[in-house]
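Trainee: I would like the entire structure built from these sequences, with the hints used as guidance.
The listed protein sequences correspond, in order, to chains A and B.
Residues in the first sequence are numbered from 1 upward in steps of one, following our numbering.
Residues in the second sequence are numbered from 1001 upward in steps of one, following our numbering.
Calculated directly from the structure, the hints in this document are not laboratory data.
Errors might be hidden in some of the hints.
[What the hints assert, rightly or not] Derived contacts from chain B toward chain A, CB cut-off under 7 Å, selection only: (1) G1107; (2) L1109; (3) D1110; (4) L1113; (5) V1125; (6) I1211; (7) G1214.
In this text the structure is predicted, and so the values were computed from the model without any measurement.
Note that beta-carbon positions come from the ideal geometry of N, C-alpha and C, so glycine has one too.
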Amino acid sequence: MLHFIARRLLVLLATMLAVSFVVFAALELNIEDVATHVLGQFATADQRHLWLAENGYFDPFLYRYLRWLAHFATGDWGRSIHFKEEVTTLIPYYLENTAILAGIALAVMTPLALLLGVLAGMREGSTLDRVISFFAIATTSIPQFASAVFLSGIFVFWLHLLPGASPMTSGFAWRELVMPVAVLVLAGTGYLARMTRASMVEVMSSAYVRTARMKGASFPRVVLRHALRNAMVTPVTVVMLYIPWLLANVVVVEVFFAYRGFGTLLYTASLQHDVFLIEGCTMVAVVVVVSTQLLSDLAYVWLNPRVTFDTPSEKTAGAAA
Amino acid sequence: MKTFGALLRSPSALFGLAVAAISLATALFAPILAPHDPLRTIAPLALPGSVAPDGSHLWLGADFLGRDILSRLIFGTRTVLLWSSLATAASFSVGVSMGLLAGYFGGKLDTALSFIANTLLAFPVTVLYIIIITSFGASGANIVIAVTFASAPGVFRIMRAIALDIRNRDFVAAAITQGESALAIMAREILPNAATPLLADLCLRLGYTAITVGVLGFLGLGLPPPTPDWGGMVAEGKNMAIAFPHLVIFPCIAISLLMLAMSLLSDSLQQIAKGGSRA
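Mentor: Written as structure tokens, this is what we have:
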């Protein structure tokens, strides 16, 4: 197990290095562009040349990359051109707002999806199963900007129940979180529910569930005591992978509702060609994705005694009932 | 043919097929079907059903520049279908060929290609899109490039896993002994065996890519204006939606309907591929 974690951490580090190189090359290979973005489009060629010389941009590319990496590793991420603040002070604030939004969305959608998945999967082909499966497909296939429009149309403009934007300008407001959370939950629940359903269907048709049924255990007892635990392995590992999903998908929701989170920050940074802020945001996003993948793998090993990563598995199926 | 018959018996697949066929026809015959030129200014912010100064009807109203929304929706079908299929085709060409090479030859080539794929998969997709398109500019070609970077690694993984598995089968060994070239073995022995899982992935990915084209349009990173684009229409009308909901509601319905149809179709295809007879 320790060996497995150490090896994964090494791969994680290598991935991070590769990503940092790609990001640096994409944004800072063309130094004229960097100077234009930093000094603005009205700076003269001489001014740009002076700035580039002052900041060591005429050094060889690889040397510049290594110096940037060293600065990055020691916490010097540069200054945002648009916000006129240190990148390292900007990112935590916006990331925290996104963590609140994504955390609430995850806390609502996980139990909902597990419940729907179990209800659908315990009797495959039943009316309940078909209804839930249809809604799971329908909700996941609607793009988030469209469901944001539909939900706003109903709850904001028609029923006047909720605010239509969530800028939180006068302090934290729960009411402003409802719409963005609802859109994320609507888009995300279906996939997890379908995964849970598939896992549940598989467990319900296994030999040990049949045995439990034949020895006379009631249906609720079979579902709750025998099937549920084994059916939860896949969904729990999938829940982890929702964190990168949320990080990618908050962009649309945050931009739509003007919520000041990580997605808006990255989006604004990109539109303003705020080079150092884009670099910082991207690296943070990648760290989150890669570490949740690691956690998801660990959870899978921990929950499923049949899987080990050190030695080829010799145990066979059916051990965990 | 059997697959097609099975599709026709399932109501949700039938709905999916119908919407897909109508969308395709709309895209093909857009110039005939559209009542107006999608770029012509007629009557700014006209409400649905109003009559234009020249006596023609604006069934779904007009946008803030006075362009007919129905005509823009009809031409927008072209945008979403064309660019999502081009982008999916590019992702599959890159993913399948790299996956075949990595899975068949293995060794250092496999290690290198897998590392590149894993590096790309470490980016949240939207982040990748935003970075690529803001650095290279918003255009159709850059949408294809961005989607390929985000999507090809997933295709690569599927293809590589299948190629790894099949390479060690007896019929491949037999083909090698017969002196077949590596290219012939990949094309004739390995690729046909990967057809079913690749097809299922293709359907899903086509849907996701169409959503991506819409989302990029919504974020202002899609095709530059004045191209009729559903996501772009929502972005343009968003700030006036309180007073003029028709600006955003129709493009949202259009894209949701198309996405729903594609999901139902790919779901039915998967059910049939699995051999389950659930209608």
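Trainee: None of the hints should be skipped; say for each whether it holds.
Mentor: Structure-based check of all given hints:
With its C-beta approaching chain A no nearer than about 18 Å, G1107 (chain B) sits outside the 7 Å limit, and its interface hint is violated. With a cut of 7 Å, the hint placing L1109 (chain B) at the interface with chain A is violated, because the nearest CB-to-CB distance is about 17 Å. For D1110 (chain B), the interface hint is violated, the least distance from its beta-carbon to any beta-carbon of chain A being 15 Å, above 7 Å. For the restraint placing L1113 (chain B) at the interface with chain A, the shortest Cβ-Cβ distance is roughly 13 Å, beyond the 7 Å limit, so the hint is violated.
The restraint placing V1125 (chain B) at the interface with chain A holds, with a minimum CB-CB distance near 5 Å, inside the 7 Å limit. Using the Cβ-Cβ criterion of 7 Å, the hint placing I1211 (chain B) at the interface with chain A is satisfied: the shortest such distance is roughly 5 Å. Given the 7 Å rule on beta carbons, the hint for G1214 (chain B) holds: about 5 Å separates it from the nearest Cβ of chain A.
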